[in-house]
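For the sequence shown, full-length UniProt numbering gives the first residue as 1, with consecutive numbering after it.
Hints listed in this document are in silico derivations from the structure and should not be mistaken for laboratory results.
Being a predicted model, the structure only gives us computed values, none of them experimental.
We put the CB at the ideal spot given by N, CA and C, even for glycine.
Incorrect hints may have been included.
Here are the computed distance ranges between Cβ atoms for each label pair [what the hints assert, rightly or not]:
1) H73 <-> P98: 14 to 20 Å
2) R69 <-> I35: 17 to 23 Å
3) D17 <-> K94: 18 to 24 Å
4) G66 <-> N39: 33 to 39 Å
5) R56 <-> K85: 18 to 24 Å
In the SDA-like style, the derived pairs of lysine to any residue whose C-alpha atoms are separated by at most 25 Å in a straight line are [said to hold, decoys possible]:
6) K94 <-> N58
7) K94 <-> E52
8) K85 <-> V57
9) K85 <-> I70
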Amino acid sequence: MQRDRKRTNGRDMGVKDTLTQKLREAFTPESLDVIDESNLHEGHAGHSGRGESHFRVNIVSDAFAGKSRIDRHRMINELLAAELKGGLHALAVKAKAPGEA
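Model the full assembly from the supplied sequences, consistent with the hints where possible.
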């Protein structure tokens, strides 16, 4: 089964590119790191061997000011619902507002 890929500027977008684009458009982050950790999970349950299945997101955005950690995670999970239902198996999130340690 081949994973569906979006096309932007004539090229296929991988999962990392899709996550990055969606997070940038929705939260206009001050900083954003989307890290593919799929290779760390080879041989584990949920690892398909296709890659791009496990990600870590570190994001700092004004959109998270005054929000609880749970609300921040919900915001991100709702935004990425299609990816989580597709091939994205695991998503570790560190979401902060500017000025938070």
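These are the hints, each one checked on the structure:
1. One distance hint, 14 to 20 Å for the beta-carbon pair H73 and P98, holds here, with the actual separation near 18 Å.
2. Between R69 and I35 the Cβ separation comes to about 19 Å, which falls inside the hinted range of 17 to 23 Å.
3. Checked against the hint of 18 to 24 Å, the pair D17 and K94 passes, with Cβ atoms roughly 20 Å apart.
4. Taken as a hint, the range 33 to 39 Å holds for the pair G66 and N39, whose Cβ atoms sit roughly 36 Å apart.
5. Taken as a hint, the range 18 to 24 Å holds for the pair R56 and K85, whose Cβ atoms sit roughly 20 Å apart.
6. At roughly 5 Å between alpha-carbon atoms, K94 and N58 fall within 25 Å of each other, so this suggested pair holds.
7. Pair hint K94 plus E52 holds up; C-alpha atoms about 19 Å apart against a cutoff of 25 Å.
8. Restraint check: the Cα-Cα separation between K85 and V57 comes to about 17 Å, which is no more than 25 Å; the hinted pair holds.
9. For the suggested pair K85 and I70, the alpha carbons sit about 20 Å apart, so the restraint of at most 25 Å is met.
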